[in-house]
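Could you put together the complete structure from these sequences and hints?
Top line first, the protein sequences correspond to chains A and B. Our numbering numbers the first residue of the first sequence as 1 and each following residue consecutively. Our numbering numbers the first residue of the second sequence as 1001 and each following residue consecutively.
Don't take each hint at face value.
[As the list claims (entries may be wrong)] With a cut-off of at most 16 Å between alpha-carbon atoms, the simulated EDC-like pairs for lysine to aspartate or glutamate come out as follows:
#1 224(A) - 1143(B)
#2 59(A) - 1063(B)
#3 1077(B) - 1063(B)
[Claimed, not checked] Coverage of chain B stretches by chain A, computed from C-beta distances (three or more under 8 Å per stretch; other residues unrestricted):
#4 1029 to 1041
#5 1118 to 1131
#6 1186 to 1197
I should point out that these hints are in silico values taken from the structure, not numbers from a laboratory. Beta carbons: idealized from backbone N, C-alpha and C, even for Gly.
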Amino acid sequence: MSALQRNWDARAAANFMLGGAGAGLVACAPLTGNSYATLAGLAMIAAGLGAVWLETGRKLRAAHVLFNPFTSWMTREAFAALLLFPLGLFFPLLAAPVALVFLYCQARILRAAKGIPAWRAREVVALVVSTGIAEGAGLALVISAERWLLGVFAAALVVRYFAWRRYRAAVRSDALELPGRTLGWVGTGAALVLLPIAPPVAGLAAAACGAWLKLALVTRASFKQGFSLPHLPVRGAP
Amino acid sequence: MTRWAMIADLRRCVGCQTCTAACKQANATPPGVQWRRVLDLELGEYPSVKRAFVPVGCMHCDDPPCMHVCPSTATRKRADGIVTIDYDLCIGCAYCAVACPYDARYKVDKQEFAFQEKIESEKHDSKRIGVATKCTFCVERIDAGLARGLKPGVDPDATPACVNSCIAGALHFGDAEDPDSNVSELLAENQFFRMHEELGTGPRFYYLWDRKP
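Structure below.
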C-alpha cells in the first residue's frame, strides 16, 4: 500500500457495496416476514462502515465524523446509521425508511465530490439509490419469495436499468462499460428471466452485478477532471 | 475586509520549479507531496506545438467543496479567505481529496523521508500523518508578518515562500479587496482566468495570460 493516498480504494467502495445492499435489504425486510432479514442488512451496513473506517488515517478519531451535519453528507450518513441500528433491532418497520435515508446519503456523498466528473453528475443519485434497493430486494429473495417482494424486486431492476441508462448518457467512462453491460444483460435481463424459476439465483445475480458496478464506480471511474487552460499565455510580453 | 489571493503570470513562468522546491523546504512536505506544483503542458500538434507552465495548488476557493464535504469540520475558511485544515480534528477520510477539483490535497499514512532515513536537517511533523494536507498560503508566515506590521505580498517575511522564490516574478500575492494592492493592479491591467470557474468554487488563484487591450 502506498503511503500517499489521493483517492478512495476498495475499502471505501465496500461501504457503498455492503452498506448500499444492506440498506436495501433493511428497507425490503418487512416484505420478507422474516426478522433475520433486518439483522442481515444491519450486519452488512456495519461491515461496510467498518471497511471504510479501515481507510481513515486517524481511526481513534472516528467520532469526529459526526461534527458536520450542516453540509457534509458523510456526517448525515453516519447519523442515519446511528439511528438505523437501534431502530432495526427493536422496530424493524421504522428502520425501513431510515435505511432509505442512509442510502440517499450514500448517493449524495458521491454527488458532492466535485473533483470527479463520474461522481458529481446528478444522475448518480438515482443510480446509487436504485442499485441499493435492487440489491437489497435481491438479497431478500434468498430469504423469502413473497409475492410482494417479487414485484418490488422486478420493479427495482427495471428502475435501476433505466437509471443506469440515464447515467451512462450523461457520463462516459470506459471503466464502467463492462460492469454496466453486465448489469443490463445479467443483472437485469437474466435476473428477470430467472425470477419465476429460481428467485434466489435471480436475486444474487442482481446483487452481484450492482456491487461490481459500484466497485468500478468508486475505484475505477474516479478520475479527477484534471486541469484546464482556457487561454494560452501570449508570448513576447514584457 | 482582506481577501488574500495569488496570481500566476503565465507569460512569465519558465517552469523552473523553484517555487515547488521553496514550498517543500518551507513546509517540510514528505516525498511525493507537492503543495505547489508547476504543470508543464504541451498543446497542439507538430509543428504547431505550444508549451505552457502552470503553477497549481490549493486555490483557497470562496466556496470550497473540500470544506462542505469534510465530516469533521477540520477544513475551515478564515475571514481573510485562507482555507485551513485542523490536523487535530481531521480523521483522514480523504473525502476532501476526492472532492477537490484542483487535485490539491494529499494524505500520507506513514512517514517517509527523502533519503529513506531521516537526515538531521529534515523536519518531521507527526500531526500531519494520516490526515489531509495542502497549501496553506504559508498562513503562519502571513500571520506572523501581520503581527509585526508587515504587508503580505510586499514584505518577503510576510509572503508565501513560493512567491518569494519565484525567479521570474510570475507569482504574486496580496489582498484582492484592496484596490491599491499589487494583485488588484495586476488584475486591473491584465486579462485573467480562474481554473474550473464553471464549478462555482470561486478560486482565489488567478492566471494572467495577456494585457488588457
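Hints, one by one, checked against the model:
A C-alpha spacing of about 33 Å is found between residue 224(A) and residue 1143(B), which places the hinted pair above 16 Å, so the restraint is violated. Simply put, residue 59(A) and residue 1063(B) have alpha-carbon atoms about 28 Å apart, too far for the 16 Å limit, and the pair is violated. With a CA separation close to 9 Å, the supplied pair residue 1077(B) and residue 1063(B) stays within the 16 Å bound. With 5 residues having a Cβ less than 8 Å from any Cβ of chain A, the segment 1029 to 1041 of chain B passes the three-residue criterion, so the hint holds.
Only when three residues or more bring their CB closer than 8 Å to a CB of chain A does the claim for the segment 1118 to 1131 of chain B stand; here the count is 3, and the claim holds. Look at the segment 1186 to 1197 of chain B against chain A: 4 of its residues bring a Cβ nearer than 8 Å to a Cβ of that chain, three or more, so the hint holds.
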